[in-house]
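**Student:** Residue numbers (this note's numbering), protein chains in the order written: chain A, 1 to 537; chain B, 1001 to 1256; chain C, 2001 to 2652.
Among the hints, a few may not be true.
What the hints assert, rightly or not - Chain C regions said to be covered by chain B (calculated; three or more residues, Cβ under 8 Å):
#1 2074-2082
#2 2632-2641
What the hints assert, rightly or not - Among chain B residues calculated to face chain A with C-beta under 7 Å, some are:
#3 Val1112
#4 Val1116
#5 Asp1139
#6 Leu1166
#7 Val1200
Unchecked claim - Reference listing, derived: stretches of chain A covered by chain B, where coverage requires no fewer than 3 residues with Cβ under 8 Å from a Cβ of chain B:
#8 16-27
#9 79-92
#10 163-170
#11 249-259
#12 445-452
What the hints contain is simulated information worked out from the structure, not anything from laboratory work. Here a beta-carbon is modelled for each residue, glycine too, at the ideal position from N, C-alpha and C.
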Amino acid sequence: MTTVSTVVMADTFTSASISYSALMPMLIVFVVALAEVLVAGFATRESRHALQVGLSLIGLLGALAALLLGARFHQGVTASVADAAGSRQLGAVVVDGPTIFLQAGVLVLALLAVLIMSERLGGIGADAFTPMGAANPGSVQERAAQRAGLTTSEAFPLMMLAVGGMMLFVAAGDLLTLFVGLEVLSLPLYILTGLARRRRLLSQEAALKYFLLGAFSSAFLLFGAALLYGYAGSVYLSEIASAISAGQPDREVLLVPGVLLVLVGLLFKVGAVPFHSWTPDVYQGAPTPVTGFMAACTKLAAFGAMLRVVYVGAAGDRWNWSVVVVVIAALTMIVGAVMSVTQTDVKRLLAYSSIAHAGFILTGVLAFDVTGVSAVMFYLVTYGLTTIAAFGIVYLVRDVQSGSEATHLSQWAGLGRKHPVAAATFAFLMLAFAGIPLTSGFVAKLGAFGAAVGHGGASGAVLAVIGVLSSAITVFVYVRIIVMMYFTEPAENAVEVVSPSILAKVAIGFCAVLTLALGIAPKLLLDWAANASLFLS
Amino acid sequence: MTSGSEAVLFWILAPITVAGALGLLFARKAVYAALGIALAMVNLGVLYLALGAPFLGVVQVVVYTGAVMMLFLFVLMLVGVDSSDSIVETIKGQRVVSLALGLGLVGLLGSVIGQVSVGALPGEPKSVTDNGHINAMADLIFGKYVWVFEVTSALLITAALGAMVLAHRERIGERPTQRAWAARRVRTGEHVAGLPAPGVYARHNAVDTPALLPDGTASELSISRVLAARDQIEAPQGYAEISREMEQEITEGSTR
Amino acid sequence: MIQLLTPAALTAGLASGDTDQILHAAEGISAYGWLLVALPMLGAAVLLLGGRRTNSWGPLFAVAMSSGAFVVALGILVQMLGYDDASRRRMVHLFSWVPAGQFQLDAGLQLDQLSLSFVLLVTFVGSLIHVYSLGYMEHDPDKRRFFGYLNLFVAAMLLLVLADSYLLLYVGWEGVGLASYLLIGFWNHNPAYATAANKAFVANRVGDFGLGLAIMLMFATFGRVDFAGVAGGVSGASQGVLTAMGLFLLLGACGKSAQFPLQSWLGDAMAGPTPVSALIHAATMVTAGVYLVVRSHWIFEAAPTAQLAVVIVGAITLLFGAIVGCAKDDIKKALAASTMSQIGYMMLAAGLGPVGAVFAIFHLLTHGFFKAGMFLGAGSVMHGMDDQVDMRGFGALNTAMKTTWVTFGLGWLAILGIPPFSGFWSKDKIIEAAFVGEGWRPWVFGFVTMIGAGITAFYMSRLFFMTFHGRKRWPKKAHPHESPSLMTVPMIILSVGSGLLGMALTWLGFAGWLAPVVGEHEEGHPVLAPLTITLLTLAIVLFGVWLAWSRYAARSVPRTAPEGSLLTRAARQDLYQDAVNEGAFMRPGIHVMRALVFTDNQGVDGAARGLAALIGGASSRLRRIQNGYARSYAMTMLIGVVAILGAVWVMQ
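Bound-form chain A, shown alone (with noise of 0.2 Å):
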């Protein structure tokens, strides 16, 4: 019986073929990961933090290096098997231009982050995370748990989760692993929302909002994915297109309404109109480096994966269904521009700002051209150091009374003439935003919308007018900031800028100083995602 079954199984089992190489960068990643699960359960309270940061550093770097040094000489198809004719591999991993530019993209955006979060401001852990998680805002036991010097050190492992899930996102060849990946970056996410130290209950209610909204917007993925399995009767991305360029004439109907769906998953992780809304809430009620996190990298990994899906799975059929995504990159860019304009708080205003560039973004991915994908590509690393910064120098402006983040704008009054240096960064961030040349956000902006005008037909050239009457209004945002510290009379409560360790000031000064930089010799970053721009399909 047993001997039978094994014969009949030898048969047909098929194993998929793995390049370790390839998957390399994620297989650190994740064992990072598990190793910081242990150390936050076994190492004694004192050395976790060190011992957590270390990890991450080490781990983000090391994917890098194997990323760079190896992954970029296996280029193809991983995890794969052959097709059914024979003919090709299909794979779950498909390692090509744009996944290296993106991961590599993640993992350096993620390692500025760390450095970031890891800010400890004198306490014995990071100042970001509540000492603990379970009690009860305000309560005793919360007060117990910051006199006894507990921490929250679960953060760094779950951030390091959500960087593989990115990872894995961006290099998607089929829905499943496209599912999967979101999932295992979101999870995380929605966790690392509610361990904000301060103003928890707004924290937790974020976390709470965005898991169920997150869960929600997967379910219409998962159904995309559904109707796109019938339609292709595969998964695979690839298969998907060849299906396009086929025909199923009795099954046509599915794959419009499949694309869709799938986008609407993919939309919501940007944060475009209509499914925005949870962004502001979220931002906002997030501990604020974990906001820059979120705002950075999975705007970029979701980006990357939308990418991959439209232009490798369902370009064939864009005629029938880019009209929608139109619309929708026309009122991204209207409604985040425009809702920032009433916005009083710091954190909710970056929110609808990168609402309004999810907008630009998704102009440069209509492009349908390559172009359109090294524009798009460029736009999401500026786009991150940018807001990576932004949302750390947040982080460090805070009331002195409280030692809260003094987020209302009212607050930031007159920081440019007692902190000149931190309030001169966030101006040029700002302008940086604002896409004001010598700027990096000049450069992307550019990009996006010259792919739109080059290769995006009437839509594209109708896109970027939006764009450019947008971005019009966002400066004027941007502007009141930058007057705001700079002209106007400071505010009674006194707010001062922390100063935080080495490691913040240099994430934060690299960031600033590469938003300069891509602003006035663009060109390397330029012309390695144009040489990137190529999908394997």
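Model the placement of chains B and C on the given structure of chain A, informed by the hints.
**Tutor:** Relative to the frame of chain A, chains B and C by itself:
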């Protein structure tokens, strides 16, 4: 629908499944909701069996109904079966619009799927019939989708980690020993003899019934705080009355 | 309609362009043209980043950097004079800026007659004002920062005029905006000054928005934004696009040059230190709009509607500024109104096409000298009168401040256009050019410029007489005294310019030197004989002077301003520009604005305020959807999904 008996089974089970799912949505008590979803899950399991997927059917029942839903129920029991959500809707039009949108979504997706002529899908795993379901599943999990399957472990770890972070309260400092408690009671002089025990009456004694103080009022200290908060306290006066009557009877009996 | 040009059409456009489109690489000293920007930039960097260590030698270093740029400019001038007309334009390639796909953009400098004229003006006047500031700011504890900003401004201004593409020009454009913002608000411990800086910044944003749109439009139409590319592509673009482009450029110019309807900030900007007013708000930055229009002459020549708009804007502004100038008692605000009006002349001339463009630049140069000289004079007066600015408290200062009186007097004669002083040579030509043409235009514009000259004569004489002549109306504690030589020497040099520059440049053939850049102009025929125009203008000017003399020198001037006629009162209120702005744009959205500007309610102005109110209103409305309930958010998502699927269903 391949055979008449299958159709009959489907039309019996499908409405029950839908009813169970609706029960999840509309039941006010959490236990009913949990039972509703368990009902739906069991029915789905039966449908899988009927469709010729015995493994899936059994797993469905064992995992969802057996493990997941029972865990749910345990939690509900621990939290308190009586807790029910507020069902007052404060946003104007929320329900009507959601209902309309939900129906719209069902209509649109239904019309899309309804237009498709169902045939054999090109990608259907042929090994199902050759090798049995378990082998077919194993083929997929350890073959084609091995990487995704492995990565799913990250999800489970995240979930465990999340549960720990959000729900586990680490004990701060030493747990006080009985000796320490006693010492503290003596030192502070409060409740030196411990808190009063719940009331013991002639025909009734239970933790939810407070003891009576000499002046006849109920002693708050003699019952658990949790019960008080849940408003599950029995009024002791009735039992005290009976006790007194019995006492009287006994006394009278002795004199008689 | 946006029409996209193929590369082939671009090449054709380039090939059909005339010979002056051929670009030569810079050689010799021109190849070091980047030093012009780099030197002051280095100065700014050293002073602003160097901290207190540079306190002692910083200001002198700034002067050296600015003068160094002037020396380089002189060297380039000498070299350029050696070339023939066709090869005077030299390109300095800096680096490849944005190599994105088909869109290649290099950062480079363009040295030609036009940019060099500006460079010489900016570096020369700029260096003099640096020197002047050494005296004026002597006792300011923070003068290092001031000189850092000044150098930053000079660098940005030079980048603006030297850029070889609209994009790099935009960088300089933003740079001068930033520097002027920093300089106006230099004394930002005074809230009123900070407000003024705010207002300037916001008004400029509106203008920059226009310039930004123009650049985007160029990119969309020509696929290039460098001057050569745009010039080459104009012939292939449609009229509508060019008109839109021209109007957007004009909006940009209006913001920067304080032209109608974005003029309101200039008067308030006088809150900054006086040398700043002289450099930025008289001689250089505010003329950037004129530069932009002249530089873009290909676009305006191909779009007559836009060109006419330029002329109309210039005409309105020159009258507006002149009328406002008549009623101002604040010496700096009166000068600011005069600046506005004079730039109106330049703008008008620039809009006349090749006939006027040369004289627009000519007037810009002479104006740069005499107006800067007068501002420095005003600064000197304030220096001697304890920072008082009300002219009703001056009078008879010619006795106390001889040098200031003489230098200011030369500037006064120049702006009046009395021959042979500088202003005559440039302004008279503009008036003459305004009379060239057919139909109603020459008559309207000609007389506007002529009447403007008369009003100018009146208010400038009023200013001059009220300050230096008549009876003493000094406050009790005032002891007017002449300023130190660090301040007077620059004034003397500028006054020599006020006196002689016009004649010298005319004699040296400035018009011919500039013509290859702005387009050869055929000799125009004014509808009146040139001599008639000149004499008529002179008569009107002299009448204005006489009127001012009779009212402000011969008669005594009351210490407090009389109520005055309706027009005077209106002019004192800047012709109610703020009130109009408020009524037209602000009030409708004021309740929205209350929510919007919780503390910085002084920051937004005019048209910007109306726009903001509109957007703010939409924003508040949208904000109601964002109510914080997860179920409500889920519903928006569901609406989105149903709408998407519904749209697909309808389409299929």
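**Student:** Now, for every hint given, state plainly whether the structure supports it.
**Tutor:** Evaluation of the provided hints:
{"no.": "1", "hint": "2074-2082", "verdict": "violated (count 0)"}
{"no.": "2", "hint": "2632-2641", "verdict": "holds (count 5)"}
{"no.": "3", "hint": "Val1112", "verdict": "holds (5 Å)"}
{"no.": "4", "hint": "Val1116", "verdict": "holds (5 Å)"}
{"no.": "5", "hint": "Asp1139", "verdict": "holds (6 Å)"}
{"no.": "6", "hint": "Leu1166", "verdict": "holds (5 Å)"}
{"no.": "7", "hint": "Val1200", "verdict": "violated (34 Å)"}
{"no.": "8", "hint": "16-27", "verdict": "holds (count 3)"}
{"no.": "9", "hint": "79-92", "verdict": "holds (count 4)"}
{"no.": "10", "hint": "163-170", "verdict": "holds (count 3)"}
{"no.": "11", "hint": "249-259", "verdict": "holds (count 5)"}
{"no.": "12", "hint": "445-452", "verdict": "violated (count 0)"}
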